[in-house]
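J.: Letter by letter, the chains look like this.
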Amino acid sequence: MSTPETSRGRLAVLKTYKLYVGGKFPRSESGRVYEVTAATSAAGAAGKGQWLANAPLASRKDARDAVVAARKAFGGWSGATAYNRGQVLYRVAEMLEGRRQQFAAEVTAAEGLSKAKAQAAVDAAIDRWVWYAGWSDKLAQVVGGANPVAGPFFNLSTPEPTGVVAVLAPQRSSLLGLVSVLAPVLVSGNTAVVVTSRNAPLPALSLAEVLATSDLPGGVVNVLSGDTAELARPLAAHADVQAVDLAGAEGGLAAELEAAAAENLKRVLRPAAQDPDWSAQPGLERMTAFLETKTVWHPVGA
Amino acid sequence: MTDNTTPPNPSASAAASQLFAYAPAPESRAVVDLAPSYGLFVDGEFREAAGGKVFKTLSPATEEVLAEVAHAGEEDVEAAVRAARAAFGPWSALPGTERAKYLFRIARVIQERSRELAVLETLDNGKPIRESRDADLPLVAAHFFYYAGWADKLSYAGLGPDPRPLGVAAQVIPWNFPLLMLAWKIAPALAAGNTVVLKPAETTPLSALFFADICRQAGLPKGVVNIVTGDGATGAALVAHPDVNKVAFTGSTAVGRQIARTVAGTDKRLTLELGGKGANIVFEDAPLDQAVEGIVSGIFFNQGQVCCAGSRLLVQESVHDEVLDALKRRLATLRVGDPLDKNTDVGAINSAEQLARITELAEAGEAEGAERWSAPCELPGEGYWFAPTVFTHVSQAHRIAREEIFGPVLSVLTFRTPDEAVAKANNTPYGLSAGIWTEKGSRILQTANQLRAGVVWANTFNKFDPTSPFGGYKESGYGREGGRHGLEAYLEHA
Amino acid sequence: MPTDAAPRDAGRGTLPDVTSSNAALRRFLHGLPGVDAVGLEARAAALGTRSIKTSAKAYALDLAISMIDLTTLEGADTPGKVRSLCAKGASPDPSDRTAPRVAAICVYPDMAATARRALDDAGAGEIHVASVATAFPAGRAALSVKLADTREAVAAGADEIDMVIDRGAFLAGRYLRVFEEIREVRQACGDAHLKVIFENGELATYDNIRRASWLAMLAGADFIKTSTGKVAVNATPPNTLLMLEAVRDFRAATGRQVGVKPAGGVRTAKDAVKYLVLVNETAGGDWLSPDWFRFGASSLLNDLLMQRQKLTTGHYSGPDYVTVD
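From first to last, the protein sequence lines are chains A, B and C. Position one of the first sequence corresponds to residue 1 (the UniProt record's numbering), numbered consecutively onward. Position one of the second sequence corresponds to residue 1 (the UniProt record's numbering), numbered consecutively onward. Position one of the third sequence corresponds to residue 1 (the UniProt record's numbering), numbered consecutively onward.
The following block holds chain A by itself, in its conformation from the complex:
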């Protein structure tokens, strides 16, 4: 969160916000940035429109690089034990808790919320990581299982991650909404390319710093800020992306992206008709949307 003015005579050091790709923090290969400004608060705070930072305006090539990084990370992340993935997600919650104040300030500026509401959103985002952390080693027990086929066969169905998932983060809920769509993609072993909210990207770019210090292997999550449609189009059409979460696609963009995704039959999670209440307890659907079920047969006989 940037505060350009001096405070008690001391000039603040401003942070350069960067992309997060393959575990590193590059600027956009395009060299472009765009101005991020504070949002209107419900109370109409005076800060509206105030310059916050220059965020990287990521390009198609950044999106391409992010997919390469996500693909490279997929083997290790999907092959890690569920226990390990759960611990890493829980570690994200621990690290986020330690930066609670910073995120409350960023969410306040990004979404124009009151301080109390922003704090509540941050707290809910932390708890959401905890909730999903617990799913890593339970999902298979809830959505998989033995099938009593009529014959001398052992038959077991288990869920597996689908692959690289392009995640268009919700446009308004800059942190809680983002965490609510990202964590369920990760917990089962997918890797993600996230396109942040167009106008409120800063909490997402800061979240990348949390992810980078949470034992999450590089490339498992890649974060791109910029124009949603410009980034989403190449991702939706990309042949090495297996699924796309359209939460942040507004207007006609969602249908266009879904059509593009049909080319390699990506799994598509459509956006909700209404802006969802991200504070509500989630169900399984954001996890199961990005799972494949594998069924193994084996004969039984001495």
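These aren't lab readings, by the way, just hints derived from the structure by calculation. Hints are not guaranteed to be accurate.
Said to hold, decoys possible - Chain B stretches covered by chain C per the calculated footprint, using a threshold of three residues with CB under 8 Å from any CB of chain C:
| id | segment |
| --- | --- |
| 1 | 20 to 26 |
| 2 | 284 to 294 |
| 3 | 333 to 344 |
Just so it is clear, CB atoms sit at the ideal spot from N, CA and C, and this is done for glycine as well.
With the hints as your guide, set chains B and C onto chain A.
T.: Chains B and C only, in chain A's frame:
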């Protein structure tokens, strides 16, 4: 270097082996700060027993007194149950997410303090530090981590949309895996919203009391976890207490039977994890080197003081000699001795009483005509020790093939066909565990289908995981611990 | 190095009927007990937790140094590079003459003569010259070329030959071809000792490594060796443990003892000590000698020397206190 044309000198080689005798590598005791005496943990505070009684807990490796521990009587049990009852309302009313976060905290503190707890466990129990460090403690933390995640997901457990906790759980655990058995009991109980009164075993009370301190560090509300130390009478009082809603016991089948009688006619829910006489079945097409490792870990892990131990080796007659030769060669490399030495494979027997039982049954094996063989090893002069022992020419009629020895004693039997292997494996009142060794997948599954045992390991043995249900058939008890199934013991269907 | 009192082809250490045809050899190799990968790796990892301290550590460090085949196998090797490696092998720690010498210097055939001369000049005649041969590392050449390669290396002064097997033939199931090739190279070696390299990373499965071990031992290998050091997967504790089981079982079956050489990937003293624990607790003390166990390594030596200095001085050493060669 020997000269290029000189044949190797066997005696020089033997001398080389002796030179590579591993120097002592003791784990430091300094990591554990032992107090001279410990109280009961009731309603968030440590206190002396109402009657002022205490008992001593020993290191079975040296017979050194480690500490004095309060001996809880009926009055103390009463206070503990009252505290648990008082805590139950608020605890069960907490949102699952908040209960989850307490349990995650406990899991993390256990991870942070795991070396201290491993050394403590080894001191009080006699098990090798290698096992307490690499098996017990990681599993303890993992168990809390796993059930922490369930606390806010109970509606997904397959028990209806809104399953309810039972109330106060009375939990009595054994001495073979003191902290792990505590975790198996407390983690699911708390996740489901119950409060607990736990009684650790008389000979291994210390890690449970250290766990009480961990509950305090984690900020767990008072009364949610209560620890009462004592003997069998303390446990009996706890189980019989009228305000207990749930009884969970791990221990011998004889005591389990008594408890089942005690709770008969009450509304108390009961789960029992009792004895076993596990069969480890080695077919002729087994991966032999790994099978030998599995036989060794099956019966000598934790000095064989494991309810699911593979105490009966059923080996196909065609490979009997090959397997036995390899097994004996392997047993000669087992390192028996100081449990705190990082290179020790086999530690001390937990108590003089247990040692006497093992000794008596081994003598019965010899008297009944089985052939006894022990690995050559020097046993320490003090403490309770029993050399790893193998009995061959054992039949199903021998006591050592029927009774649970709970020690490092393996009984070897043979079979000719898969059907005979299954028949012999099932020919016991117990039904906790079994092992199958063959490279043929369909035979694994067929044999597993036919075995009357709650846990069947194929091409491995003594594997545990918090996600995997554990428990027995027949007189090995009922109910399952671990996994989604483990929640059922602590929840009512909605 | 291992030697039999009787001539090599007298039948000792062979099972003649299993090598009578490719089918017979295949039946034999595929009849060996399978290897459960999870169990094997768990056993290797468990032995890796052994804690080797004080006197045992001092013994292990010196033993490990004496087992090194100090190796340079680069296209850029020059006589100068090989001579300095020989000097290093003869006098590993110039500041401490009690440091043992290495077992051998391992070079390409065209450097064997240079190495032999340099070692003799350094008064280190007991250090062997090992030469890779048979179109190392790929092994993709005509048999006649491989045999010529071998003979030239021996003629140039190599008394140990590290050959690579034809992995293509092995993976295609042409076991007898691999067997016969090893036998012919064995003949071409004359009095030199033969180490047979499997390239475990290319054999890929533990079952294949066990089969290759028996195949090579039946064909007369004096040593079996994990790898060339030129591929991604070289010596690992599990694949070395498996080969130690094979030499143990082969001696029990035939009476002939064969050595084991892990090569590539063993870089630290800690790793080396773990390998010695594998030897000690799998094959046994009979193999705890440079005659029966070698490390194919280069950077390992300096780490062993630094650990040795730590034991002597009580404080940690650094790379400036060992020589770069």
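J.: Determine for every hint whether it applies to the structure shown.
T.: So, going through the hints one by one against the coordinates:
1. 20 to 26: holds (count 6)
2. 284 to 294: Our answer is that it holds, as 8 residues pass the Cβ test (under 8 Å) against chain C, meeting three.
3. 333 to 344: Per the Cβ count (3), the hint holds.
The structure agrees with every numbered hint stated previously.
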